[in-house]
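Protein chains: 2
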Amino acid sequence: MPEDIQKIIPVDSPSLEELHHTLNELLEEEKFKEAREFLGNLHHAEIARLMSSLGALERNIVFDLLEKESQHDVLPELEEPDQEELLDRLSDERIGDILEQLDSDDAADIAGLLDESVRSRVLEATEAEDREEVEKLLSYDEESAGGLMALELVTVSDKAIARDAIETVRKAREAEEIEDIHYVYVLDHELHLKGRLSILDLMLAPGKQPVSEILDPDMITISSDLDQEEVARIFRRYDLISAPVVENDGKLVGRITVDDIVDVIQDEAEEDLGFLGGVGEEEVSERSLFRASRARLPWLLIAFFGELLSVLVLASYETELATLLVIAFFIPVVIAVAGNVGIQSSTIVVRGLATGDIPLHHTFKRIGREVIVGFINGIVISLLFAGVIILWQRDLKVAFAVSFSLICVIVIAAVTGAMIPFALKKFKQDPAHASGPFITMTNDVIGLAVYMILTTNILL
Amino acid sequence: MPEDIQKIIPVDSPSLEELHHTLNELLEEEKFKEAREFLGNLHHAEIARLMSSLGALERNIVFDLLEKESQHDVLPELEEPDQEELLDRLSDERIGDILEQLDSDDAADIAGLLDESVRSRVLEATEAEDREEVEKLLSYDEESAGGLMALELVTVSDKAIARDAIETVRKAREAEEIEDIHYVYVLDHELHLKGRLSILDLMLAPGKQPVSEILDPDMITISSDLDQEEVARIFRRYDLISAPVVENDGKLVGRITVDDIVDVIQDEAEEDLGFLGGVGEEEVSERSLFRASRARLPWLLIAFFGELLSVLVLASYETELATLLVIAFFIPVVIAVAGNVGIQSSTIVVRGLATGDIPLHHTFKRIGREVIVGFINGIVISLLFAGVIILWQRDLKVAFAVSFSLICVIVIAAVTGAMIPFALKKFKQDPAHASGPFITMTNDVIGLAVYMILTTNILL
Chain A
1 MPEDIQKIIP
11 VDSPSLEELH
21 HTLNELLEEE
31 KFKEAREFLG
41 NLHHAEIARL
51 MSSLGALERN
61 IVFDLLEKES
71 QHDVLPELEE
81 PDQEELLDRL
91 SDERIGDILE
101 QLDSDDAADI
111 AGLLDESVRS
121 RVLEATEAED
131 REEVEKLLSY
141 DEESAGGLMA
151 LELVTVSDKA
161 IARDAIETVR
171 KAREAEEIED
181 IHYVYVLDHE
191 LHLKGRLSIL
201 DLMLAPGKQP
211 VSEILDPDMI
221 TISSDLDQEE
231 VARIFRRYDL
241 ISAPVVENDG
251 KLVGRITVDD
261 IVDVIQDEAE
271 EDLGFLGGVG
281 EEEVSERSLF
291 RASRARLPWL
301 LIAFFGELLS
311 VLVLASYETE
321 LATLLVIAFF
331 IPVVIAVAGN
341 VGIQSSTIVV
351 RGLATGDIPL
361 HHTFKRIGRE
371 VIVGFINGIV
381 ISLLFAGVII
391 LWQRDLKVAF
401 AVSFSLICVI
411 VIAAVTGAMI
421 PFALKKFKQD
431 PAHASGPFIT
441 MTNDVIGLAV
451 YMILTTNILL
Chain B
1 MPEDIQKIIP
11 VDSPSLEELH
21 HTLNELLEEE
31 KFKEAREFLG
41 NLHHAEIARL
51 MSSLGALERN
61 IVFDLLEKES
71 QHDVLPELEE
81 PDQEELLDRL
91 SDERIGDILE
101 QLDSDDAADI
111 AGLLDESVRS
121 RVLEATEAED
131 REEVEKLLSY
141 DEESAGGLMA
151 LELVTVSDKA
161 IARDAIETVR
171 KAREAEEIED
181 IHYVYVLDHE
191 LHLKGRLSIL
201 DLMLAPGKQP
211 VSEILDPDMI
221 TISSDLDQEE
231 VARIFRRYDL
241 ISAPVVENDG
251 KLVGRITVDD
261 IVDVIQDEAE
271 EDLGFLGGVG
281 EEEVSERSLF
291 RASRARLPWL
301 LIAFFGELLS
311 VLVLASYETE
321 LATLLVIAFF
331 IPVVIAVAGN
341 VGIQSSTIVV
351 RGLATGDIPL
361 HHTFKRIGRE
371 VIVGFINGIV
381 ISLLFAGVII
391 LWQRDLKVAF
401 AVSFSLICVI
411 VIAAVTGAMI
421 PFALKKFKQD
431 PAHASGPFIT
441 MTNDVIGLAV
451 YMILTTNILL
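Order-wise, the sequence lines are chains A and B. With the numbering used here as the guide, the letters of the first sequence map in order to residues 1 to 460. With the numbering used here as the guide, the letters of the second sequence map in order to residues 1 to 460.
Fair warning: there could be bad hints in the mix.
[Unchecked claim] With a Cα cut of at most 20 Å, we get these calculated SDA-like pairs of lysine to any residue:
(1) B:208 x A:205
(2) A:171 x B:428
(3) A:426 x B:56
(4) A:171 x B:203
(5) A:365 x B:56
(6) B:428 x A:116
(7) A:365 x B:20
(8) A:159 x A:213
(9) A:365 x B:55
(10) A:365 x B:203
(11) B:208 x A:163
(12) A:365 x B:287
Worth flagging that the hints you see were computed from the coordinates, not collected in a lab. What you are looking at is a predicted structure, and each value in this text was computed from that prediction instead of being measured.
Please build the complete structure, drawing on both the sequences and the hints.
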């Protein structure tokens, strides 16, 4: 069925906003038949995006308007809060039905969202095979290779010939068990993984060739307990599109495909951004204002209680400040610049540790580098600052005291900013948890203390 | 050649640190033969990582120790600063040789790093076909689909049968023109793209079946001028592993594969993180301290000059501060908390705009949401603050003035933080450029002014 070029999905055709507008109109006018048709022409990923831009009521209506098959495609694409909302409303039976239709990894993700009591009711009612798959996948840590993998695999014995392997692929395809097949995995009689056959090699091989002659034994295998961030690094490093997952005993248990890795990379990057910005793991699509505020409050409390120490520092210099108020004026500049230097250093170190570009044995080298970069910029800003103070206050001594303190504060901030992520990594914590608010607060308090000590000693 | 399970590359075998240590020892003892053997056993991605952890001298020695073929594999995997360093040392002839061996997209990336004069000299000496490919790719914006794509494609006519397509793949493979083939693209006589054949479908089809019967016409095509961030979103949304790139006239020009998209996602996320952290586009692997310091200085200057306004605000309240020094003590808390609230709001909005989770027509809804979340947390922190002040100063009026001002400052910070990224997006700028230092500085100045106005008016 050759088709016109127009049938190829144009990527820049109707924007989400236009689709949203059309759908909303159809719903408002209760033209449900037309809405159903409209949705039928969209890709499931498009429907999912559209649904998350709707209100809760409309979202539920749209989901009900979809064909059952389309529901199965759309549900895994939705954001978690939306999935939970829909699941709340569906009967146990319907959920069980959905789980049976989904790929094992998607089914496990959905089942993982259910309350324990609902989940065990639902799973009891599903087919034994599907239940076991979901339960097996749920037994892995959600953020490990096991939590990422799907169990659907095409395997052949190492005694097979190419034609056998092709027939196995055909059967798997006809049974609709597995959609995207990149490799056929070759197992020995103990079910240990011997290698893999790419579909491309299989297509080009003569039918009678033993698979043992065309398999690739030097593939990269992922251990089921490996952290997903490390799995993503391996996919990036070796440009993988699919990788087999093995248990510690070398038994093949599943496979991870690059589409899930792309999501992991995005999620991990967003998590790092969230920590730097002090919103933690708050989802952009979080609908509960209460949950959003709760996700952010800890960072604000860190800032609040930490800065109370700044208040103490200032209060302990009450007499000095009363006689020399001018040094108080410059406090915002000093702590803002130092805070920024600290965040700069920590940002670079957090990024480098996350991508693996900074190896842990470079700790001191890297801190040294950050100090030098901080120092160079400290000199520039301090000279500017001294110039401004001289022009404004016509007081060389104040200019010297303030700008000299600023350099010291900046260097300390560069050290703190670089050191905290390394320290976290050393103690097996995620360096990204050296959040922006925490580093800013630390530098504010230390910086303010150093500034007050230096300036008052020089000037009084 | 069936191999033992041990031959499968174990992912958690020798760490980078151990490899680094071994290699360094071999180099120090000038055991170059052993070093060459050691390198010969490593994957090229591993060698690239290892090289970037070495000093400049060792890096050059290691590169020279590699087989030519291995050099071709390793070079594209290196970080840009390392690539530039190596290219500086290679002869024009050798660079031309490398360009001829690389895939078109890698060749164009490498050629793009050369100074214009070197590049034209090198390209003049390379084969016409390779030169044209590189020049064609360099004509696209580096951050567009055209800049990402490779020109290597396997295509067949829409009149062909399955067997023809398979033979075309076989030839392309034997000519070593293209390594990873996921699809064969089907063209009509005007070279317009009619659809694609997956290798899987091709393998399962009878040899005599016309390709027009098995092609998938509903594929997603990417326009060559599309921004790479948008390309990445499309890959993520539709779970693609490869996509054809077409010109505006519908002519197929190249393909983008998911391994490059994975890098785009990582790079774009790092860029966002870099702006939030005030380091801009500084590379973690940047070796020049001068360039690192120059990348960061603009943000520090923004903070510095911005905060001079804070100094002006404070100085204009000199008399009030002299009589009521206690309100100065609380300034660090007020600006730190407000600064964090602003960064929290902007982080969520920047993330949402980057992933497309926040559509632009939700601007006011979103800003409203951020204000409410800020207000809820503002109440919590302000009550705590009031409590602390009452216990410490035993002054209800000061407690009220300070904590009431704090709520106002927080709400303003939430509005500013959420608004700036939206405004940038509206004016076609990257919302991520609403960097942390800029938002913090803006909120510091506005917050301080509001705090001083409110507290002095209430208390004096």
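Status of the hints after comparison with the structure:
no.	hint	result
1	B:208 x A:205	holds (18 Å)
2	A:171 x B:428	violated (51 Å)
3	A:426 x B:56	violated (27 Å)
4	A:171 x B:203	holds (13 Å)
5	A:365 x B:56	holds (15 Å)
6	B:428 x A:116	violated (47 Å)
7	A:365 x B:20	holds (15 Å)
8	A:159 x A:213	holds (10 Å)
9	A:365 x B:55	holds (12 Å)
10	A:365 x B:203	violated (54 Å)
11	B:208 x A:163	holds (18 Å)
12	A:365 x B:287	holds (12 Å)
Hint violations for this structure: numbers 2, 3, 6 and 10, all remaining hints satisfied.
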